[in-house]
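Participant: Each chain, written out:
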Amino acid sequence: MKTAILFKKLLGAMFAVALLAGAQAAAAQDAATVASGKVLFTRLCAACHGADRSDQGRAMLPGTDALRIKYKGQLPALLEQRTDLTPDVIRTFVRRGTWSMPPFRKTEISDAGIDAVSAYIADAARTKR
Amino acid sequence: MAILPPGVSAANFAKALKEFEAAVGKEWVITDPDEIHPYRDYFSILKDQDDELVPSAAVCPDSVEQVQAVVRAANKYKVPLYAISTGKNFAYGGPAPNLRGSVTVDLKRMNRVLEVDEKRNTALVEPGVSYMDMYRHIQERGLKVMIDTADVGWGGLMGNALDRGIGYTLGPYRDHSNACTGMEVVLPNGELMRTGMGAMPGSTSWQDYKYGFGPDPSGLFAQGNYGIVVKMGFRLMPMPEHWRTGLITVPRRRDFIALVDMVNYLTDLFVIGEPIYSSPLNGLLGDAAFRRAALDFNEAEMDRIAAANGRHSWQVELQFYGSERTTLANWEWATELILRTVPDAHCFAGDSLRMPVTTAQIEAAERPYPAPYSSVMRRNVMHGVPKLYMWRSPGRTDDSPETWNETHIGLFSVVGRSGEAVLKAQKDFQDIVKRTRPGAEFVASLTTPLQWNPNTFFLGNSFFGTATRNDNSPEGKIRQLKELREVLKLNAEAGYGDYRAPPLLQDDVADQYSFNNHALRRFNETVKDAIDPNGILSPGRGGIWPKAHRSRRGAVRK
Numbered sequence: 012m013k014t015a016i017l018f019k020k021l022l023g024a025m026f027a028v029a030l031l032a033g034a035q036a037a038a039a040q041d042a043a044t045v046a047s048g049k050v051l052f053t054r055l056c057a058a059c060h061g062a063d064r065s066d067q068g069r070a071m072l073p074g075t076d077a078l079r080i081k082y083k084g085q086l087p088a089l090l091e092q093r094t095d096l097t098p099d100v101i102r103t104f105v106r107r108g109t110w111s112m113p114p115f116r117k118t119e120i121s122d123a124g125i126d127a128v129s130a131y132i133a134d135a136a137r138t139k140r
Numbered sequence: 439m440a441i442l443p444p445g446v447s448a449a450n451f452a453k454a455l456k457e458f459e460a461a462v463g464k465e466w467v468i469t470d471p472d473e474i475h476p477y478r479d480y481f482s483i484l485k486d487q488d489d490e491l492v493p494s495a496a497v498c499p500d501s502v503e504q505v506q507a508v509v510r511a512a513n514k515y516k517v518p519l520y521a522i523s524t525g526k527n528f529a530y531g532g533p534a535p536n537l538r539g540s541v542t543v544d545l546k547r548m549n550r551v552l553e554v555d556e557k558r559n560t561a562l563v564e565p566g567v568s569y570m571d572m573y574r575h576i577q578e579r580g581l582k583v584m585i586d587t588a589d590v591g592w593g594g595l596m597g598n599a600l601d602r603g604i605g606y607t608l609g610p611y612r613d614h615s616n617a618c619t620g621m622e623v624v625l626p627n628g629e630l631m632r633t634g635m636g637a638m639p640g641s642t643s644w645q646d647y648k649y650g651f652g653p654d655p656s657g658l659f660a661q662g663n664y665g666i667v668v669k670m671g672f673r674l675m676p677m678p679e680h681w682r683t684g685l686i687t688v689p690r691r692r693d694f695i696a697l698v699d700m701v702n703y704l705t706d707l708f709v710i711g712e713p714i715y716s717s718p719l720n721g722l723l724g725d726a727a728f729r730r731a732a733l734d735f736n737e738a739e740m741d742r743i744a745a746a747n748g749r750h751s752w753q754v755e756l757q758f759y760g761s762e763r764t765t766l767a768n769w770e771w772a773t774e775l776i777l778r779t780v781p782d783a784h785c786f787a788g789d790s791l792r793m794p795v796t797t798a799q800i801e802a803a804e805r806p807y808p809a810p811y812s813s814v815m816r817r818n819v820m821h822g823v824p825k826l827y828m829w830r831s832p833g834r835t836d837d838s839p840e841t842w843n844e845t846h847i848g849l850f851s852v853v854g855r856s857g858e859a860v861l862k863a864q865k866d867f868q869d870i871v872k873r874t875r876p877g878a879e880f881v882a883s884l885t886t887p888l889q890w891n892p893n894t895f896f897l898g899n900s901f902f903g904t905a906t907r908n909d910n911s912p913e914g915k916i917r918q919l920k921e922l923r924e925v926l927k928l929n930a931e932a933g934y935g936d937y938r939a940p941p942l943l944q945d946d947v948a949d950q951y952s953f954n955n956h957a958l959r960r961f962n963e964t965v966k967d968a969i970d971p972n973g974i975l976s977p978g979r980g981g982i983w984p985k986a987h988r989s990r991r992g993a994v995r996k
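In the order they appear, the protein sequences are chains Y and L.
Position one of the first sequence corresponds to residue 12 (this note's numbering), numbered consecutively onward.
Position one of the second sequence corresponds to residue 439 (this note's numbering), numbered consecutively onward.
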């Protein structure tokens, strides 16, 4: 009887360890996705949508400035502070373009790359708020 | 499949696509209309209309061998191709083909920097390398060379050079096509050719000597359709120790002639980078009397009002690359030169910065000149730092919060490189606006030349050009197209050719170069027919139509 209880406990512990390992693996995978999304954001998005200053004393880069004018403070001008951007929304903007932002081809950024950028923006918005 | 390439049956197109898939992999042959969307010209005047210049498909090779296989398959089924590198080139057509239904060959995946030699100051790159990619490559390795970047840094070195793009630093580098040091090309029959020393097996000097021996055909591939360039070499500027600027102003309208003479002298001695001309009198256009005088080219009155307001008529900002002492000596020399011919010119010393400059120095608001003079120099491009600052131009701004420039088009005419030629062109351009849009008011008398190319002036007709926010209705866009075509004709009548155009206007620009019953075009098309008998490579690009498609010249929205 005791052996059976011990065996059950052992099984339970093993299951918990497996769950933890799975969660850790998923977390590691998420972290890797966010990291790759950050690289892509930096290379492909930040020149317009980053937080840097612009040239000749202008406070904002063109994409950030355009969103400032559009949202008038109702939403953040910086993409990295937006919590409302779903991967589908981001994919639509990237693939279809919007206003003066032209669409991007899949040779420039893959669908997985767009998802990674979305993950990075979500993570940045969560941690930078 | 939304559309077919012209002259190709559905069955043959399907077979061609299969062969493309075999060459590059199924994933990289794009036919889904949603995925084709980014291959359109996002700023097209004909957007969403039945005759918009859209491709039928896109194929995306990752190697020279794949490009060759694609070209061979296209020949087999006579499918017209249109090659793009980074696919930007907005204002000049973006990634869209000259012939609707062409298959776009998207070379963006070929994005390797093959070599940067900081002793010889050269580079060899693949088509997909953007200015930003190249800058990152150099920075990550700490190489002591700089690039000459286009204003919008997402563009590519190769594509920009092949459309005769320009930059901002010293003359030999900012003429991007001329800075090419040799290339590797897939010819229309799929064969691979190298130019210059690259044509010699085992050569160790491909990027040093662009000519090799015999005729150098590399110029044929710029604004042409004789091959798909898959590697291109470039001469790079070694990183100077120091950068210095200075502003020279001259008081009277006619002093512009002496100012240009002085700047040309220094340009042709390779002493200065791109000079930036402008007129401080733009600030007086709100004054009704001055505006009237400027509209009437009443020079005496313009000079009188300028003097009364304490403003000089023209300014040029000069930039010097070198050491701290040589740049200072050259600035002092420039001031001596202008004061010899215009004794009441003003000379203001500007920035004096150790290179490479910092990000904070690029972004700085403070500029060194006293009011009413100001610097309009964009430091990032003067230092070869690719950014997207200029992408503010077509977008939402505080002045225009609810519209954007949906038909962003560049239009710049080649004007003789002298003060006299510019002053005459200003009048001609104003006259062209009056004839094209009667009743419109356009002040051309303060328009200054762009010396993007060191050997000539480009003059933008800003009334019709890239900064204009037009009527964005479909009818308004067509009206704009008709006006632009009329402007190009009138430019030619006045002796001005345009240097670059989107596909929709390339036949119109090619028409300007009509000496001896279009001898140049007939020569180009004789060459085209000889090397591309099936007419598969970029039909119509540069106004060069192969025999198979020649009837399509000027056919889009006549």
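Hint data in this document are derived by calculation from the structure and do not stem from the laboratory.
Misleading hints may appear alongside valid ones.
Said to hold, decoys possible - Taking lysine to aspartate or glutamate and the EDC-like style, the derived pairs with C-alpha atoms no more than 20 angstroms apart in a straight line are:
#1 Y:Lys49 - L:Glu840
#2 Y:Lys81 - L:Asp837
#3 L:Lys915 - L:Glu503
#4 L:Lys464 - Y:Asp134
#5 L:Lys865 - L:Asp967
#6 Y:Lys83 - L:Glu739
#7 L:Lys516 - L:Asp967
#8 Y:Lys83 - L:Asp866
#9 L:Lys865 - L:Glu739
#10 L:Lys557 - L:Glu578
#11 L:Lys872 - L:Asp836
#12 L:Lys456 - L:Asp488
#13 Y:Lys83 - L:Glu556
#14 Y:Lys81 - L:Glu503
#15 Y:Lys81 - L:Asp836
None of the values given here were measured: they were computed from a predicted structure.
Participant: Please go over all the hints and tell whether each is borne out by the structure.
Facilitator: Hints and how they fare:
no.	hint	result
1	Y:Lys49 - L:Glu840	violated (31 angstroms)
2	Y:Lys81 - L:Asp837	holds (12 angstroms)
3	L:Lys915 - L:Glu503	violated (41 angstroms)
4	L:Lys464 - Y:Asp134	violated (34 angstroms)
5	L:Lys865 - L:Asp967	violated (42 angstroms)
6	Y:Lys83 - L:Glu739	violated (45 angstroms)
7	L:Lys516 - L:Asp967	holds (14 angstroms)
8	Y:Lys83 - L:Asp866	violated (43 angstroms)
9	L:Lys865 - L:Glu739	holds (16 angstroms)
10	L:Lys557 - L:Glu578	holds (17 angstroms)
11	L:Lys872 - L:Asp836	violated (30 angstroms)
12	L:Lys456 - L:Asp488	violated (27 angstroms)
13	Y:Lys83 - L:Glu556	violated (48 angstroms)
14	Y:Lys81 - L:Glu503	violated (47 angstroms)
15	Y:Lys81 - L:Asp836	holds (10 angstroms)
Hints 1, 3, 4, 5, 6, 8, 11, 12, 13, 14, counting from the list given before, are not met by this structure.
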